[in-house]
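Once you've looked at the hints, dock chain B against the given chain A.
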Amino acid sequence: MDLSLDTRNEGDWTVVAVRGEIDVYTAPKLREALVDLVNAGRYNLVVDVEGVDFLDSTGLGVLVGGLKRVRANDGNLRIVCTQERLLKIFRITGLTKVFAIHDSVGSATDG
Amino acid sequence: MPQVAQVQMDVVPDAAHVQVVRLVAVSLARLHGVPEDVVEDVRLAVGEACARAVAAHRRHDVDQPVRLGFEGGPGLKVAVSDGVALPEASGDEAVRLLLAGPDNRSPDADSEAAPAVMALLEGLAEQVSVHTGHSGTRIVLGWGAGR
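Going down the list, the sequences are from chains A and B. Heads up: the first sequence runs through residues -11 to 99, numbered per our numbering. Heads up: the second sequence runs through residues 1400 to 1546, numbered per our numbering.
Calculated directly from the structure, the hints in this document are not laboratory data. Cβ coordinates follow ideal geometry from the N, Cα and C atoms, glycine included. Among the clues, some could well be false.
[Stated by the list, open to error] The list that follows gives simulated cross-link-like pairs (lysine to aspartate or glutamate, EDC-like), each with its CA atoms no further than 20 Å apart:
hint, chain 1, residue 1, chain 2, residue 2
1, B, Lys1476, B, Asp1413
2, A, Lys76, B, Asp1409
3, B, Lys1476, B, Glu1439
4, A, Lys76, A, Glu9
5, A, Lys76, B, Glu1435
6, B, Lys1476, B, Glu1435
7, A, Lys76, B, Asp1436
8, A, Lys76, B, Glu1439
9, A, Lys76, B, Glu1525
[What the hints assert, rightly or not] A few chain B residues that don't get close to chain A, going by computed Cβ distances all over 10 Å:
hint, residue
10, Ser1426
11, Ala1499
12, Gln1526
[Stated by the list, open to error] Partial list, derived from the structure: chain B residues whose beta carbon lies under 10 Å from chain A:
hint, residue
13, Asp1413
14, Gln1418
15, Leu1443
If we strip away everything but chain A, and leave its shape as in the complex, we get (with noise of 0.2 Å):
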């Protein structure tokens, strides 16, 4: 089982793009991915779960407290995806109301 993570930076923003399953297992690595990323005072973040196959509550808890850290030093953590068995996922727990979701990386780090 495996959780690959490419993160970039476009201006203002880092982008983190996550490839492969994110379950109890593996959410670990993302949440000290993104912690790293705010200790290092990127405070503008995309998660982009496009390439996930697998997301489950754990997963949505490291993205609530990524979302958390940033909010606290004025930033933001916004999500691109377009895949509807995720959206699901995010509707069913009430996150939609939570995150800012984007369709792509584009429309996520524009303004």
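This is chain B only, laid out in the frame that chain A set:
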């Protein structure tokens, strides 16, 4: 297609094993005629219930395995049982105990997990029943077969 089937698993409480449980759940859902567009719901819900139980065992230093029972044909029923004692309750009261219990607090500060887990179970499974007791919590999830 088998009319009745029983598969039981004892899972050592390790997060790495939850993926294995998800794979078994998906295989059995397909075997017992759960519609393909619902199989993804089975994967996520059974994974959530198992991950919750594994986390409960780890938090309470319970070494015994998490138990899963799969009953198929037609459709699939999955029972996930942990060994962490709670007061005896069923239904909404049992859900309230799970949400209020220590499992609502993750070792890290990121936990929004317990409300999300219950929302996902109720949102993804066609039938959900929760029973808590001195021998632990039992969550049963069910899906029907396609027509």
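Hint check, failures only: 1 and 2
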